[in-house]
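Student: Each residue of the sequence shown is one higher than the last, beginning at 706 in the working numbering.
Because the hints were derived from the structure by calculation, they are not lab data.
Please note that the accuracy of each hint is not assured.
With a cut-off of at most 25 Å between alpha-carbon atoms, the simulated SDA-like pairs for lysine to any residue come out as follows [stated by the list, open to error]: (1) K923 / V755; (2) K923 / E951; (3) K837 / K983; (4) K923 / E830; (5) K731 / G788; (6) K861 / E924; (7) K992 / T893; (8) K923 / F826; (9) K874 / G848; (10) K731 / S806; (11) K983 / R807; (12) K861 / E1009; (13) K923 / L1037; (14) K967 / S787; (15) K992 / S763; (16) K967 / A890; (17) K967 / T948; (18) K874 / E966; (19) K967 / L1050; (20) K983 / G788; (21) K861 / S901.
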Amino acid sequence: MAIPITVLDCDLLLYGRGHRTLDRFKLDDVTDEYLMSMYGFPRQFIYYLVELLGASLSRPTQRSRAISPETQILAALGFYTSGSFQTRMGDAIGISQASMSRCVANVTEALVERASQFIRFPADEASVQALKDEFYGLAGMPGVIGVVDCIHVAIKAPNAEDLSYVNRKGLHSLNCLMVCDIRGALMTVETNWPGSLQDCAVLQQSSLSSQFEAGMHKESWLLGDSSFFLRTWLMTPLHIPETPAEYRYNMAHSATHSVMEKTFRTLCSRFRCLDGSKGALQYSPEKSSHIILACCVLHNISLEHGMDVWSSPGTGPVEQPPEEESEHMESLDLEAERIRQELMLTHFS
């Protein structure tokens, strides 16, 4: 006679579902050094996340009701900062690898729900002017309110083997569009674009482009590298500078754009699940997109809590697919070309 075998969730077997909150791990029982080494963030930051996300992580409909919000957040931070569901991470807080995965999903969802609270362009005129002043003070580039670029994050091959996610290196990835300010705080993040799309195509199809084309932040512009097309609201470098003014413009552009390069390095060093050193994100494109966005939310929250972007350990240059050539497209936007020429004449001659 065949005996039916039921596979049990060990956490449910031991603690039940939805009947009580399980406190497997106490923050007060460990040192600050331990928290930083295991989870990448200090105690007060973790307490803030518990207060911010606690209600969402205690929803009756979630399977991990038995796991406290504190433990769920530690599990997620452990994954974001290490890029691994290592057994030692689960052992440290007393949960299984399966529960670790559910905790990451719950915390990711809670952070994504709050993305608009922490990732946004300033709306008032005084804040926009402050952005311009800060960028001008950096390298003398006037009118700049943000720096834009794209970064590829490796993901596993989708079940459908969708070739749209294969980038020019032959790897599956998401191409993520980001805009940052001079501190490295992210003001726009779009993480859902397939890796086969070139940076210029991502920007052209993005909501960011639609907003600027509709007249948002007039008489201001973003800075983008040569992988983007010159626009009235997007200043790119000259491919072949010839005059002293053009050289000075390119130097100021490069110095200003380096803010985004540092921001990418910080994201990838703080959140190792993004840097590919532990392999690709083992999720669908949609779930991977949410994990990337959740890390971006945490990045901005950490800045608000005084964790300076420039003090984070670096990992060297962020390796990206080579930039596409777009020089021949620039002359198509004559008004943008006129604005750039006037900018060089007025400020760099």
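Student: Now tell me if each hint is right for this structure.
Tutor: Outcome of the hint check:
no. : hint         : in the structure
1   : K923 / V755  : violated, 39 Å
2   : K923 / E951  : holds, 24 Å
3   : K837 / K983  : violated, 38 Å
4   : K923 / E830  : holds, 11 Å
5   : K731 / G788  : holds, 23 Å
6   : K861 / E924  : violated, 42 Å
7   : K992 / T893  : holds, 19 Å
8   : K923 / F826  : holds, 14 Å
9   : K874 / G848  : violated, 35 Å
10  : K731 / S806  : holds, 20 Å
11  : K983 / R807  : holds, 19 Å
12  : K861 / E1009 : violated, 32 Å
13  : K923 / L1037 : holds, 21 Å
14  : K967 / S787  : holds, 20 Å
15  : K992 / S763  : holds, 21 Å
16  : K967 / A890  : holds, 11 Å
17  : K967 / T948  : violated, 29 Å
18  : K874 / E966  : holds, 20 Å
19  : K967 / L1050 : violated, 29 Å
20  : K983 / G788  : holds, 6 Å
21  : K861 / S901  : holds, 14 Å
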